[in-house]
Amino acid sequence: MTVEGILVYAENYSGRVNPATFELLGKANELKSNIGGRISATVLVDGSEIDVAKELIAYGADTVIVYKVPNRELLANQLIHRDAVVNAINTLKPKLVLINATPWGRSLGPRIAAKLKTGITADCLDVYVDEHGDIVQVRPAFTGNIVAHIKTVTHPVIATIRPKVFSTLKPDRSRVGDILVKNLDEVGLSGDTKKIKVCGVKRVKEVKISEAQVIVTVGRGLKSKEDMKIFKELANALSGELGCSKPLVDIGWCEKDRQVGFSGNIVKPRIYIACGISGAPQHIAGMKDSEYVVAINIDETAPISRYCDAFIVGDMQEIILKILDKLKKIQGLENK
28 MTVEGILVYA ENYSGRVNPA TFELLGKANE LKSNIGGRIS ATVLVDGSEI
78 DVAKELIAYG ADTVIVYKVP NRELLANQLI HRDAVVNAIN TLKPKLVLIN
128 ATPWGRSLGP RIAAKLKTGI TADCLDVYVD EHGDIVQVRP AFTGNIVAHI
178 KTVTHPVIAT IRPKVFSTLK PDRSRVGDIL VKNLDEVGLS GDTKKIKVCG
228 VKRVKEVKIS EAQVIVTVGR GLKSKEDMKI FKELANALSG ELGCSKPLVD
278 IGWCEKDRQV GFSGNIVKPR IYIACGISGA PQHIAGMKDS EYVVAINIDE
328 TAPISRYCDA FIVGDMQEII LKILDKLKKI QGLENK
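The sequence shown begins at 28 in my numbering and counts up by one.
Quick caveat, the hints were computed from the structure, so don't treat them as lab data.
One should not assume that every hint holds.
Claimed, not checked - Simulated restraints on C-beta separations:
1) Y319 with S75: 35 to 41 Å
2) D336 with N98: 46 to 52 Å
3) K349 with H182: 55 to 61 Å
4) K355 with G63: 58 to 64 Å
5) N98 with E57: 32 to 38 Å
6) H159 with L354: 54 to 60 Å
7) L354 with T195: 30 to 36 Å
8) I77 with D212: 15 to 21 Å
9) K142 with S266: 41 to 47 Å
10) K142 with K356: 58 to 64 Å
Claimed, not checked - Here are the simulated DSSO-like pairs of lysine-lysine, each with C-alpha atoms no more than 27 Å apart in a straight line:
11) K224 with K144
12) K235 with K191
13) K355 with K235
Beta carbons are placed, not taken as given, at the ideal position from N, Cα and C, and that holds for glycine.
Construct the entire structure; sequences and hints are all you get.
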């Protein structure tokens, strides 16, 4: 069964396919005419394998290889995912393999590359085919100060892609494709998969800033770490998430997983509120596709003024406190 083309790994370790997978399928369809072959997807499931496969086909996959595991706990064993994906690569012979650059994908991708003795480019912002027909991967380098265009000399080309950088195709439920279902015993699991014993699965609260509809982001205009709480309060009041710029991560005032920009998260919220952020190119690249941008800055010439829908000049903390006071009054009236 020689298919070639592009293989998309559908991330599913908790019983639900990560929606970012559909973005990868959208990009694969964009690259298809230049790379050739078919668009394939591979996924591990503990049941409803046909439903999952049909969903991937609706979003653009031509072929889906489904690997069935006997229980959900095994979905959390990353070495089993590694061996299944390697099996799919050996079966389909893709030229390009796309994986989500999520915490799970960032760990799994290098394991797959090491098993195949090939290279991997992590945290890509784009993938394209150049005039020579070579696959080029684009990623930030040197803490986001430059953008590197990388060619992998070994094959297949493997890249992890940041969520929210590609668009999702509108699903076509009428699409048909090939579905191949395999059991784990057909994979030929490596002995080291038994080194990991999954005792249970427990969900922990994680920051999903890239999925938030409202984001309140703070920059170097913040006077002290303690003042961060009023911006967090505003984010909570708007049912949103708190974000930050790179300088606040560098000085330890904010967590890395809340950073917006080239070297952080790419976000596309409905409302983006930038507080004390000047508008460095690496930050703008991370939020430029937001639907509505509000910027608050004491400097009326700040570059971010060119990228926002509403620009408020003034002390950001005074303005945020006034907004919070107004929100409390509105919410108080609604509760009466």
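Could you work out which earlier hints the structure fails to respect and list their numbers in ascending sequence?
none
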